[in-house]
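Protein chains: 2
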Amino acid sequence: MSAVPIFRRVALIGFGLIGGSIARAVRAQGLASEIVTTARSEKTRARVTELGIVDRVLETNAEAVNDADLVILCIPVGACGPVAQEIAPFLKAGAIVSDVGSVKGAIVREMAPHLPGHVHFVPAHPVAGTEHSGPDSGFAELFINRWCILTPPEGTDPMPVETLRAFWAGMGAKVEIMTPDHHDLVLAITSHLPHLIAYTIVGTADELAQVTSSEVIKFSAGGFRDFTRIAASDPTMWRDVFLNNKEAVLEMLGTFNEDLSKLTRAIRRNDGEALFEHFTRTRAIRRGIVEIGQDSAAPDFGRPHPPLEKKAE
Amino acid sequence: MSAVPIFRRVALIGFGLIGGSIARAVRAQGLASEIVTTARSEKTRARVTELGIVDRVLETNAEAVNDADLVILCIPVGACGPVAQEIAPFLKAGAIVSDVGSVKGAIVREMAPHLPGHVHFVPAHPVAGTEHSGPDSGFAELFINRWCILTPPEGTDPMPVETLRAFWAGMGAKVEIMTPDHHDLVLAITSHLPHLIAYTIVGTADELAQVTSSEVIKFSAGGFRDFTRIAASDPTMWRDVFLNNKEAVLEMLGTFNEDLSKLTRAIRRNDGEALFEHFTRTRAIRRGIVEIGQDSAAPDFGRPHPPLEKKAE
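Respectively, the protein sequence lines represent chains A and B. Under UniProt numbering, the first residue of the first sequence carries the number 1, and numbering increases by one thereafter. Under UniProt numbering, the first residue of the second sequence carries the number 1, and numbering increases by one thereafter.
Be careful, since some hints might not be right.
Claimed, not checked - In silico DSBU-like links for lysine-lysine, alpha-carbon gap of 30 Å or less:
no.: 1; chain 1: B; residue 1: K174; chain 2: B; residue 2: K92
no.: 2; chain 1: B; residue 1: K262; chain 2: A; residue 2: K262
no.: 3; chain 1: B; residue 1: K262; chain 2: B; residue 2: K246
no.: 4; chain 1: A; residue 1: K92; chain 2: A; residue 2: K43
no.: 5; chain 1: B; residue 1: K218; chain 2: A; residue 2: K246
no.: 6; chain 1: A; residue 1: K218; chain 2: B; residue 2: K174
no.: 7; chain 1: A; residue 1: K174; chain 2: A; residue 2: K246
no.: 8; chain 1: B; residue 1: K218; chain 2: B; residue 2: K174
no.: 9; chain 1: A; residue 1: K246; chain 2: B; residue 2: K262
no.: 10; chain 1: B; residue 1: K246; chain 2: A; residue 2: K218
no.: 11; chain 1: A; residue 1: K262; chain 2: B; residue 2: K174
no.: 12; chain 1: A; residue 1: K262; chain 2: B; residue 2: K246
Said to hold, decoys possible - Quick look at which bits of chain A chain B covers, simulated, 3 or more residues with Cβ under 8 Å:
no.: 13; segment: 49-62
no.: 14; segment: 141-152
no.: 15; segment: 271-279
no.: 16; segment: 297-305
Quick caveat, the hints were computed from the structure, so don't treat them as lab data. Virtual Cβ for every residue (Gly too), placed ideally from N, Cα, C.
Let's have the full structure, built from the sequences with the hints guiding it.
Dropping the structure here:
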């Protein structure tokens with residue numbers, strides 16, 4: 001703990017990939033004097049106690065938020081409204097209440113009405129993750145060089161927003177502020193639609209009559225396996241994302257379908273020129289992502305390749 | 001060169017990612033006494049000479065195949081027919097002629113009629129690659145633990161098929177034999193459709209009115225960046241794949257579209273149960289791929305995460 005703590009007590013409600021990564025990063029960077037957490041299942045609470053990453057594991061949300069300066073809901077979007085209602089009476093005056101949900105309009109609509117006037121509500125979304133879930137899946141480096149988007153509702157006191165910014169920056173994140181509605185549009189294309197498409201194609205491959213599942217799995221290195229990673233993400237979390245960002249997702253899906261029809265028509269008509277032009281254009285986007293450090297420049301995401309064993313004579 | 005060479009002279013026509021990886025692997029494993037190559041552009045030929053990976057770089061395809069025991073066309077599918085016609089008169093009796101194309105039905109249709117009866121034609125497709133192209137992009141480990149599919153036309157002599165199997169196995173690949181038509185169906189779902197979908201969504205994201213390209217790039221870690229990798233693959237190669245495996249791709253696309261409509265309807269109707277059920281099922285496929293070693297078990301494909309720098313006091 002080399003730094004001056006930003007908060008005295010941080011309370012994490014939920015300890016999956018994101019909650020667990022925050023706990024590890026906060027401890028590694030000394031961003032809080034005390035980290036307390038709770039989780040819905042006894043099994044998770046027992047595992048977190050075993051891991052020894054937090055100061056105290058509590059049984060209820062009410063106990064967890066007690067006297068906390070920062071409360072972060074690290075639970076699926078659909079659970080945030082009810083939990084906000086549940087914890088409201090126990091929140092300390094002046095506390096910052098935040099979340100990590102992938103949808104922000106619905107979070108504001110569902111949580112804000114329950115929260116007392118004496119706390120500061122600053123919704124947040126760290127755009128980071130892996131396909132793994134559960135208390136063991138988190139790691140302190142998850143947020144490094146990733147963006148965390150804050151969407152304070154209009155009229156939010158600027159001081160707690162800056163404090164939360166410093167907190168996320170302390171975990172290595174870059175912080176951006178935008179409106180909840182714009183966040184939901186941006187994430188619909190950069191995250192929600194990609195997940196929907198990946199979930200679809202993986203399902204399609206699983207149900208074919210002409211090609212067996214075992215063939216799909218065997219020959220997946222031709223591209224398919226890339227999609228299976230995000231289609232292995234937490235089902236509860238993603239169900240809630242689609243139910244809570246419906247309009248923006250359906251809008252992006254409409255545009256995607258038009259574009260897919262265009263490329264399909266080019267294939268049907270043997271229009272090689274149109275295909276070539278499109279495939280050349282999309283290459284540039286990858287370069288942009290690699291250039292600003294949002295993906296690895298290593299071929300194949302840096303996947304490991306074992307060495308070739310020399311053949312015996 | 002610890003092993004007994006399988007071939008005296010191997011000729012590679014084309015020196016991109018695949019040709020270059022074969023050359024490096026053949027040399028590392030001592031699978032041939034001599035490797036010769038050619039490439040269409042003078043620039044590539046000069047670069048290959050500089051790299052010093054092969055024994056001789058020749059100016060023409062005719063010179064390259066001269067006296068070769070194995071000739072591999074490592075060029076886009078659309079170029080294979082004309083090149084087969086061009087090299088036919090110069091092929092040695094008893095030579096094996098092969099390729100590395102991602103489509104096999106069209107390769108057989110386009111190449112076989114040109115090849116003389118005194119050579120053995122054994123089409124091949126190593127299901128391996130990265131998003132990089134060009135003479136510098138190859139590496140000897142590319143084929144390790146990846147499948148190489150051989151699709152010998154009916155009536156092919158079994159001996160050269162076994163020789164080619166040993167050659168690919170020597171580079172670390174697992175080898176499977178199937179018909180060209182079945183190959184094209186399998187690859188349509190495990191490779192071609194995923195590429196088409198990735199190319200589409202990356203194009204969609206690039207053209208939106210409500211979200212800027214720079215926002216798409218910044219917040220791509222939410223899932224989108226995974227798609228940009230395969231949408232950065234070689235445009236010429238992929239144009240040829242779609243033009244030459246049109247029927248199978250359009251068929252898989254039809255099934256995909258039906259499935260996408262089903263999920264869209266579930267979102268529209270707030271059918272959380274249907275979404276949850278689908279998202280749970282797709283998780284299992286990922287596990288299967290990781291279990292048989294066709295992808296890394298490391299979270300996020302094993303993408304590197306830099307360490308968190310300790311904050312100064």
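Comparing the hints with the structure gives:
1. B:K174 with B:K92: holds (28 Å)
2. B:K262 with A:K262: Satisfied, since the Cα-Cα distance of roughly 21 Å is no more than 30 Å.
3. B:K262 with B:K246: holds (24 Å)
4. A:K92 with A:K43: holds (28 Å)
5. B:K218 with A:K246: holds (23 Å)
6. A:K218 with B:K174: holds (10 Å)
7. A:K174 with A:K246: Between K174 of chain A and K246 of chain A the Cα gap is close to 27 Å, so the pair holds against 30 Å.
8. B:K218 with B:K174: violated (39 Å)
9. A:K246 with B:K262: It holds: about 15 Å lies between the C-alpha atoms, which stays within 30 Å.
10. B:K246 with A:K218: holds (23 Å)
11. A:K262 with B:K174: violated (37 Å)
12. A:K262 with B:K246: holds (15 Å)
13. 49-62: violated (count 0)
14. 141-152: holds (count 7)
15. 271-279: holds (count 5)
16. 297-305: Answer holds; 8 residues pass the 8 Å Cβ test.
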